[in-house]
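Colleague: Those protein sequences? They're chains A and B, same order as listed.
Residue 213 in numbering that gives the first Met the number 0 sits at position 214 of the first sequence, and the numbers go up by one each step.
Residue 133 in numbering that gives the first Met the number 0 sits at position 134 of the second sequence, and the numbers go up by one each step.
Everything labelled a hint here was simulated from the structure, so no lab data went into it.
Mixed in with the good hints there might be a few duds.
[Claimed, not checked] Quick list of in silico lysine-lysine cross-link-like pairs, BS3-like style, CA-CA up to 25 Å: (1) Lys32/B / Lys75/A; (2) Lys125/B / Lys105/A; (3) Lys23/A / Lys72/B; (4) Lys310/A / Lys270/A; (5) Lys72/B / Lys105/A; (6) Lys146/B / Lys220/A; (7) Lys87/B / Lys50/B; (8) Lys125/B / Lys23/A; (9) Lys310/A / Lys141/B; (10) Lys61/B / Lys105/A; (11) Lys270/A / Lys125/B; (12) Lys169/A / Lys146/B; (13) Lys32/B / Lys111/A; (14) Lys23/A / Lys92/A; (15) Lys146/B / Lys87/B; (16) Lys50/B / Lys111/A; (17) Lys61/B / Lys104/B; (18) Lys32/B / Lys104/B; (19) Lys75/A / Lys111/A; (20) Lys87/B / Lys72/B; (21) Lys40/B / Lys169/A.
[Unchecked claim] Pair by pair, the computed Cβ-Cβ distance ranges are: (22) Pro167/A / Ala136/B: 53 to 59 Å; (23) Asp62/B / Arg268/A: 44 to 50 Å; (24) Arg268/A / Val46/B: 17 to 23 Å; (25) Arg351/A / Ser45/B: 52 to 58 Å; (26) His183/A / Ala91/B: 21 to 27 Å.
Note that beta-carbon positions come from the ideal geometry of N, C-alpha and C, so glycine has one too.
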Amino acid sequence: MFRKVTILLSLCLCAGMLRAQDFKLFDRNFQIHGFASQGFVYTDQNNWLTMHTSVGSGSAQWTDMAVNISVPVTDKLRIAAQFYDRNLGQLGKWDPDLDFAYASYKFKPWLKVRGGKVKTTLGLFTETQDLDFLRVFALLPQSVYPIDLRDSTIAHEGGDVYGDIRLPNKMGAVSYTVYAGYRHDSMNSGYPYTIKNLGVNLTSYGGLQYGGDLRWQTPLKGLLIGASRLDQDTTGVGSLPKSLFAPTGNWSEHSNSAWTNQFYGQYARGKWEISSEWRREWRNEEIFSGAFAFVTDVRGSYGSVAYRATKWFGAGTYYSHYRITDEAGAFGPATTGATNDRAISARFDINRFTNIKVEGHFMAGVGLPADYPDGFYTNVNPQGFKPNTAAFVLKAGFNF
Amino acid sequence: MRKENAVKHLKKLLAAAGLIVFATVSAQAGSVKVIANPSVKADSISVDELKSVFLEDTNSLKDGSHVEPVLEKGGATHEAFVKDYLGKNDSALQMYYRSLVFTGKGSMPKAVGSDADVVAYVAKTKGAIGYVASGTAAEGVKTLEVK
Numbered sequence: 000m001f002r003k004v005t006i007l008l009s010l011c012l013c014a015g016m017l018r019a020q021d022f023k024l025f026d027r028n029f030q031i032h033g034f035a036s037q038g039f040v041y042t043d044q045n046n047w048l049t050m051h052t053s054v055g056s057g058s059a060q061w062t063d064m065a066v067n068i069s070v071p072v073t074d075k076l077r078i079a080a081q082f083y084d085r086n087l088g089q090l091g092k093w094d095p096d097l098d099f100a101y102a103s104y105k106f107k108p109w110l111k112v113r114g115g116k117v118k119t120t121l122g123l124f125t126e127t128q129d130l131d132f133l134r135v136f137a138l139l140p141q142s143v144y145p146i147d148l149r150d151s152t153i154a155h156e157g158g159d160v161y162g163d164i165r166l167p168n169k170m171g172a173v174s175y176t177v178y179a180g181y182r183h184d185s186m187n188s189g190y191p192y193t194i195k196n197l198g199v200n201l202t203s204y205g206g207l208q209y210g211g212d213l214r215w216q217t218p219l220k221g222l223l224i225g226a227s228r229l230d231q232d233t234t235g236v237g238s239l240p241k242s243l244f245a246p247t248g249n250w251s252e253h254s255n256s257a258w259t260n261q262f263y264g265q266y267a268r269g270k271w272e273i274s275s276e277w278r279r280e281w282r283n284e285e286i287f288s289g290a291f292a293f294v295t296d297v298r299g300s301y302g303s304v305a306y307r308a309t310k311w312f313g314a315g316t317y318y319s320h321y322r323i324t325d326e327a328g329a330f331g332p333a334t335t336g337a338t339n340d341r342a343i344s345a346r347f348d349i350n351r352f353t354n355i356k357v358e359g360h361f362m363a364g365v366g367l368p369a370d371y372p373d374g375f376y377t378n379v380n381p382q383g384f385k386p387n388t389a390a391f392v393l394k395a396g397f398n399f
Numbered sequence: 000m001r002k003e004n005a006v007k008h009l010k011k012l013l014a015a016a017g018l019i020v021f022a023t024v025s026a027q028a029g030s031v032k033v034i035a036n037p038s039v040k041a042d043s044i045s046v047d048e049l050k051s052v053f054l055e056d057t058n059s060l061k062d063g064s065h066v067e068p069v070l071e072k073g074g075a076t077h078e079a080f081v082k083d084y085l086g087k088n089d090s091a092l093q094m095y096y097r098s099l100v101f102t103g104k105g106s107m108p109k110a111v112g113s114d115a116d117v118v119a120y121v122a123k124t125k126g127a128i129g130y131v132a133s134g135t136a137a138e139g140v141k142t143l144e145v146k
């Protein structure tokens with residue numbers, strides 16, 4: 000373990016020598032930025048997040064990085080793009096992804112548009128969920144921001160209309176976003192990995208998605224409240240061994256109805272940040288061209304408190320609750336599973352660009368790992384699950 | 000009678016405390032002046048507009064002048080400006096800019112090391128707007144009144 004941690008920290012410190020680049024081209028100011036992080040996880044029971052975290056001295060198979068270029072073409076037009084790559088246990092597998100690439104145009108502060116591959120606005124942190132250097136926590140509450148299911152909500156290829164409206168009589172300001180586009184999941188993400196347990200080898204997964212977000216910066220300084228809605232029309236295609244259920248060996252699934260509602264509030268004042276969110280995700284999938292229906296109802300919520308004590312130290316804690324219900328159907332009676340996670344975190348900033356985080360998680364329950372991904376996977380826990388899991392997380396990162 | 004006296008004393012105490020807080024905030028705000036490149040047409044700027052410029056919500060003023068912010072990397076002037084006009088501390092501001100950069104919504108603003116560097120940069124850069132300690136000599140730039 001000591002060796003892994005030493006290597007991890009050395010890599011990050013060396014990488015921290017990188018610097019942002021500014022340059023002029025065609026009389027425009029281009030900027031190049033990037034970030035990278037390396038995590039280590041040890042659990043006392045159950046392998047977590049597709050890593051072999053409870054085997055030997057834990058796992059350091061948690062690396063991510065991104066490089067970003069942007070240019071303001073005019074006062075109203077901006078172009079930006081970012082490449083992202085990660086390896087998280089059995090997910091990601093260093094397959095680089097165009098994280099976003101879009102042009103945005105501002106007609107008025109209350110009317111802006113962007114088009115291309117765009118990060119999806121959903122709740123407080125979906126757009127910034129990979130940017131852990133913005134927060135005290137190494138892992139966001141997994142009930143609402145599951146790192147293994149990042150692909151399902153992170154971005155869409157399409158367009159957004161958005162804007163900010165200052166309200167009269169000092170009633171604060173509202174920001175809105177409406178969007179539509181297509182979602183394309185990597186085959187190295189959590190859902191394809193989960194259904195490998197059924198012998199299914201997905202070759203594509205994704206589809207249309209549309210939704211909106213409305214947030215109100217209230218007259219009480221620092222208090223933000225909001226709500227998001229996301230509708231998805233997804234299709235999955237793949238193969239599986241021929242059987243009575245699949246005589247052709249072809250797998251197809253389609254969402255009859257798939258939506259997510261999210262409500263949130265945040266109070267950020269001085270050194271304090273208090274956040275809370277509630278998310279409900281509903282999936283009604285038909286499988287084998289409608290031969291079977293499968294209904295999943297996932298509810299997640301959390302409350303977190305973070306305190307930035309000094310420029311070099313911050314601490315935080317959260318309680319996260321996840322509950323999944325598979326409704327009665329062709330595969331059997333209704334089943335329910337839950338995970339409660341109590342986390343405590345400390346962040347140390349070596350300088351403006353490099354930080355180290357130490358975090359503890361005390362989890363009860365593992366959800367329903369055979370049915371739907373939730374951090375705990377039967378693929379890496381063939382021996383079965385223990386009811387409780389304690390996790391030690393160490394993460395170092397830098398950005399430039 | 001005693002109760003009335005106590006209430007009077009409490010009111011005086013609160014008024015004095017309020018005055019002290021007001022004077023402290025005013026003194027801090029007064030310790031910084033906002034400067035701009037002569038290409039900026041405006042002679043004054045509202046606190047809301049100043050905040051919008053430095054938080055990259057806008058890159059032009061009401062009169063149509065193009066503006067781009069320049070910050071100091073640290074120090075008392077920077078801390079006072081960020082706290083009094085942007086309502087943040089330096090750490091929160093840096094996180095804010097990073098969130099803009101890594102979602103494609105904004106750029107990292109220019110940051111320089113001292114008041115003299117700010118004056119030099121603002122003087123030579125069309126549309127630049129910055130802040131320096133109120134006693135700083137500001138040749139080649141204009142001082143904007145903050146309303």
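Colleague: Per the hint of 52 to 58 Å, is the separation of the Cβ atoms of Arg351/A and Ser45/B within bounds?
Modeller: Given about 30 Å between the Cβ atoms, the range is violated.
Colleague: Holds or violated: are the alpha carbons of Lys32/B and Lys75/A at most 25 Å from each other?
Modeller: violated (28 Å)
Colleague: Given the hint that Lys40/B pairs with Lys169/A, does the C-alpha gap stay at or below 25 Å?
Modeller: violated (28 Å)
Colleague: Are the Cα positions of Lys270/A and Lys125/B separated by 25 Å at most?
Modeller: violated (36 Å)
Colleague: Would the hint linking Lys310/A and Lys270/A be met if the CA-CA limit is 25 Å?
Modeller: The hint holds at about 10 Å.
Colleague: Just to be careful, I want the Cα atoms of Lys169/A and Lys146/B compared with a cutoff of 25 Å; is the pair within it?
Modeller: Given that 25 Å is the threshold and the Cα spacing comes to 17 Å, the pair holds.
Colleague: When you check the alpha-carbon spacing of Lys61/B and Lys105/A, does it fall within 25 Å?
Modeller: Cα-Cα ~15 Å, so holds.
Colleague: Hey, Lys75/A versus Lys111/A, does the alpha-carbon distance stay inside 25 Å?
Modeller: holds (9 Å)
Colleague: Within 21 to 27 Å or not, the Cβ separation of His183/A and Ala91/B?
Modeller: violated (35 Å)
Colleague: Given the hint that Lys32/B pairs with Lys111/A, does the C-alpha gap stay at or below 25 Å?
Modeller: violated (32 Å)
Colleague: When you check the alpha-carbon spacing of Lys146/B and Lys220/A, does it fall within 25 Å?
Modeller: holds (20 Å)
Colleague: Does Lys141/B sit within 25 Å of Lys310/A, going by the straight-line distance between their CA atoms?
Modeller: Outside the cut-off at roughly 33 Å; violated.
Violated hints, in rising order: 1, 5, 9, 11, 13, 14, 18, 21, 22, 23, 25, 26; the structure is consistent with all others.
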